[in-house]
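Given chain A, work out where chain B should sit, using these hints.
This is what each chain is made of:
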Amino acid sequence: MAVSTKPVNLIRVIKVSGLMTLLLLLGILGALLLGTAEVGFRDLLDLLSGAEAKDQMSYLIIFKIRLPRIILAGLAGFSLSVGGAVFQAILRNPLAEPFILGVSSGAAFGAVLGITAGLGFGFGIPACAFAGALTTVAIVMMIARRKMGMESATTLLAGVIVNAFFTAIIMFFVATSTDDRLHTMLFWLYGDLSQSRMSESLVALPVVATGFFLLYAFARHLNLMAMGEEAALHMGVDVEKAKIYCFVAVSLITGLIVSFTGLIGFVGLIVPHILRMIIGPDHRLLLPASGLGGALFLIWADTLARTLVQPSELPVGVITAAMGAPFFIYLLRKKGGGHWH
Amino acid sequence: MALIRLSDVSYTYGAGYALQGINMAARKGELVGIIGPNGSGKSTLFKIIDGLLRPSQGVVYLAGLPLARKTRKQIAGQVAMVPQENYFLFPFSVKEVVLMGRFPHKGIFQFEGDTDLKIAQEAMELSKCDHLGDRSIHELSGGERQRVLIARALAQEPQVLLMDEPTTFLDIRFRKEFFELVSSLCSQRGLCSLVISHDIDLASMYCHRIIMLKEGRIYAEGSPTEVVTSENIGEVFGCPVLVDKNPVTQTPRVNII
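First to last, the sequence lines map onto chains A and B.
For the first sequence, our numbering begins at 1 and goes up steadily by one.
For the second sequence, our numbering begins at 1001 and goes up steadily by one.
For reference, chain A alone in the conformation it holds in the complex (with noise of 0.2 Å):
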């Protein structure tokens, strides 16, 4: 078991952060690399120095599409592994991932109703999603409030519930919408990054880092909620309010993402975990390094999913799930699980 004998500062957060950009800054250099049209690794240097472009083709491929994509990617595996290692801490469950509380069931519902209504990738379609995942979060919140504060299982138990129901409606659509649609609904299912935009990651960029920011503020109180909310409470965090803000930041960056990519399942499960297994579980350390972990795996996920079968392509979701369950299970087997008890 990787334990860190060292009690985590500021270098060590400083180093592993470092270390984790390099590697993301490297991926981002190759994924931009890959795709069905070829563009050398000389002309990309070119272009990315900014030097004018020869041939207009290869500017308009890495600037206009491999680059908005991966961008958003990024952003999505950052906000989704972030959402999750917190989501684990504060829940104390291991299966804890950032749509526990309904953000993507909720999304989700918000999505098909706009594309059953006719609304276009644009800006309706998020739009209903956020609304969606915003609504659903707070139905969540409402029925898991109890008198002494919100427990952890009822929480769990009212994300389940709330998610089966929503779940129930969307099938309802899916089943009874025409074929045209179906396809349209069937990627956004799946998370789908085909149509990224620079604009939405401008859009997602400063929601992304505010709540970072705001989770980050609770990464101390997060390592204690870890003990059990009574041991936290002894020592000082006021739970509740911890909570409270946990929740709405990592629905509000999570919703916001999703509402762009659709849902992407995996990312926020598998990255913390593995993390957790190398760098230990302090979150001052894990927060960060599960974000740009998160933003690397995702990128690359989506890397494959735009080559593996080229010229089609597959959604994002089936790749994060096909490469994320055996993986995750290895690591299970070899590290016996062990530090859920």
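The reader is advised that the hints may include incorrect statements.
Claimed, not checked - 27 Å max Cα-Cα, derived DSSO-like pairs, lysine-lysine:
#1 Lys1118/B <-> Lys1028/B
#2 Lys1028/B <-> Lys1070/B
#3 Lys1106/B <-> Lys1128/B
#4 Lys241/A <-> Lys1073/B
#5 Lys1028/B <-> Lys1128/B
#6 Lys1176/B <-> Lys1245/B
#7 Lys1028/B <-> Lys1106/B
#8 Lys1176/B <-> Lys1128/B
#9 Lys241/A <-> Lys1106/B
#10 Lys1118/B <-> Lys1106/B
#11 Lys1073/B <-> Lys1106/B
#12 Lys15/A <-> Lys1118/B
#13 Lys1070/B <-> Lys241/A
#14 Lys1028/B <-> Lys1073/B
#15 Lys15/A <-> Lys1106/B
No wet-lab data here; the hints were simulated from the structure.
For chain B alone, kept in the frame of chain A given last:
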């Protein structure tokens, strides 16, 4: 001066009283044992003293100031709790767990510095777990974990230490060591300690004073010899006993008959 003082404290739980008309105080350097049957209000009393529950009536004073005016963080800087057991989800190292006790003394985004490391080290030495510092909390035995929890509580630098049945899962050697440790912390560091224990013999050996609860009220209070008598135990616990003296320590010993 009394560090902890409860003035006419009651707590209602649904229909009935969980605690009723509690008046008590504990001083610096004092080790007070709280005994009583299950459901007599011992744990509720601790939750009231630690501010997790608000009394329905009466006031709790912590170092002379009303507890109700303090934030969670302020309370945790003065009152620490050693639980019966803790649940460790992640494989934090012992040192990391002890450093978590520094939470009430740190600001947002602030990392633990050399001072905190020194305090944690001292706490681990006091509770004799400094040799475990780099081990994962998951690898420790029950007795070792309990010492880590004490170290974590000490790292909070509290004036008041609350312990809720801390020795339940320990074998007799660790139980004795536990009480010896707490007793020395009280006398040497001036800690005011309250311990809930079902081990009446050990509590009688080490506590300066015993408070006996029955159905949410204080039934008896005083030195172990005054409180731990056959009559009191028989009446409060509803179980006939014979209390004699431990032949070595001369403290009360409970014999079930």
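Practice prompt. Determine which of the earlier numbered hints do not hold for this structure and return their numbers in increasing order.
Written response: none
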